[in-house]
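K.L.:
Chains as they are written, first to last, in our numbering: chain A, 1481 to 1595; chain B, 606 to 1227.
Do not rely on the hints blindly, as some may be mistaken.
[Unchecked claim] For the chain B half of the interface with chain A, some residues (derived, Cβ under 7 Å), not all of them:
no., residue
1, 721
2, 856
3, 958
[Stated by the list, open to error] Label-pair distances were calculated between CB atoms; the ranges are:
no., chain 1, residue 1, chain 2, residue 2, range
4, B, 1206, A, 1524, 52 to 62 Å
5, A, 1540, B, 1163, 34 to 44 Å
6, B, 1076, A, 1577, 34 to 44 Å
Since the hints were made in silico from the structure, they are not lab data.
Beta carbons: idealized from backbone N, C-alpha and C, even for Gly.
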Amino acid sequence: MGRYTAGGALVRIRAMSNRTEDPALHSARREAWVVFAIWLLAMTYTIGVCSLYGYGRDVSDLKFVLGFPDWVFYGIVCPWVVCSVVSLWFGSRFMRDEDLGEELPEQEDELGLGG
Amino acid sequence: MASALCFAAAVLPLWGVKTTQPSDWGTLVALVLFIAASMWIGWLANKAMQKSSFMQGFFLGNRGLGAWALALTATVQSGGTFMGFPSLVYSHGWVVALWICGYMVVPITGFGILGKRLAQLSRRTGAITVPDLFRARFNSPGLGLLASLLIMFYMSFMMVAQFKAGAVVMKHSWPGAGSREMAEDIPAYKLNSAALEKLGERGVPADVIARLAPLEDRGFDAEKDLKAEVGKVLGDAGLNQYGPAVVAASEQLDWQYLVGLGVFTVTVVSYTLLGGFLAAVWTDLFQSVLMLLGVMLLLFLVVSSSGGPEAATRMAVERLGPTYAMGPGYDPTGTGRMFMPVSLAFSFFWVWVYSGVGSPAGMVRIMAGKGTEVIRKSIYLLAGYNLLIYMPLVVICICGRALIPDLPAGKTDSIIPELSIMTTSRLPGGSIIAGLILAAPFGAVMATVSSYLVVIASGLVRDVYQRFINPSAGTHELRRLSYLTMIGIGVVAVLANIRPVAYLQVIVVFSGTGAAATFCIPAIMLAYWRRATVAGMVAAMVGGAGTMVLMYVLGARGFGSQSIGAASAFRPFYLLGLDPLIWGLLVSAGLGIVVSLLTAPPSAETISRLFDLERPAKEATA
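Let the hints inform the model, and build the full structure from the sequences given.
P.N.:
Here it is as structure tokens:
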């Protein structure tokens, strides 16, 4: 079960223990899954296109786009540009700023583990 | 991390700069300027860190890194990329674009998977180092110690290699260096006339010396190679009797290399002592900016001189065959080796990404970031930077093949220096421009060494001494110990490099991917999985590390296909054609999950304080 905070983040309520998952953890996990999906998608597309069109081809079929062999342009240059744009979107729009909490004084920690 | 890995590609036989005289002066001037700038940066960092306590200032820069510093130093460390990677493009052609293209997602994965959570946990626990974080998250000093020892193990390998690289660059910066042989070209053992004379002086009979004549002036990289040949001409009895004398007499020392090693070590240790973590990061940032300028300038010069990448590719295909424009890449050895089969292309999309995520040096920089805003901005700043560095470098080196078609196999690491010198020679002040382009990788080597010095020293001083030997050590003592540790590491690195190890660059690859296989999964579990236990973390770390070691041992013993990947004697076993890192990550994840589930769950209170917003009900009402 869960509820939405004023900021819009879904915050899980653990009714049994009265614990609320830290919103920063929740958004970090959500962002990590999105990043993982982007990596998977980029890899699948790039390796797929390059293995299909960059290997075992007759060189006489090779075309050039903006100076790049076609398989490099469509398989690497284009997705690279797309990933850069996605990174811009991710960093500027999707990823949420969170309060990371107060810095503990050096050699102290709230778990009391010594050190 | 990338530094280590891309050094991997070929850092060590780097910069075989067969330069012309004017450019030699430009290189020297640029390096001197760079050294002066680094010392100045160290001094500035020293002033900046005086605002806080010594440990946090020296080892973490007071968590004050801004977006540019974090973006361009946490995952890039691209000196190696600038050195080894161009050589691969020149040698194998367009397929190297596929080898490197995992970098398209490195910015978003490097900061997006763990960044926010590491920054948060390190603040909540007061952790200054990565082992600190493991120790505090799992309430286990033993786990912290294991992490620290493993980090120091990998980092030591990597750092020793960088010292050698720095020394070789220094050596080649001297005017006239172009006429000398590279350090790598000077064999470790050579039975020259002076050596034979020494044998006579040491009482070796003349007839024995005469029987050694067939070996005169032959170079050997390893003692065992020399002994094997001596055994052939003198027999086993002769080898036993005279072998040690022959080895001692034929040992070669390259004084120019040693001077370079000394200057490099003194410089880098000095400014790191001055400025600690911040000095390492700021010099890294400085070299990254210099490198971007160098690449952009070189791109313009090389493309305009060569007629562009299409013309250069057509020329290369005509001379070398179709594999220069397609996978699996051109094989300069002509032995049918496949540089980049699809399985390895797939592997490298993992290698760059997870080496960035699991690099301890990268993690500690994320911990040092000012906050989430800095992490967010770093993602797109680095994405833009990578876009402007990697594909332009591919284009530069493909065009370079048209301008300099026949660099011999062992000298392809010098393609960027050669192109810099060739294309700037007609420009006013060309040698200085070439020198500035060449100074960037030198700076990258210094910055990398500096950051490793900080990590290793923090491991010894913070994670071992302060945690286990003397928890009540005062600031003065910790400061003195940190300085002594760094000086000690410098001395050890110099001693280790007087006689550099053969195949060191491949050991660097092993260290980089090994660190990733060891720490990537544990770091993800640390950040996101409540159920992870100490035993699970130990299993994940040891499992990842053990798999990497096993794959390299099997590869060295001849298991698996020997005809894929870069040609090297120290190579891993590519099980199913995949890089060992993938197997290391899978084993690490499998063991980490299974062992965690089989062991008692961690204390709910400990977990709650790091994962939840509120305290458990009973505690809240207590």
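K.L.:
Can you list which hints this structure breaks, lowest number first?
P.N.:
2 and 4
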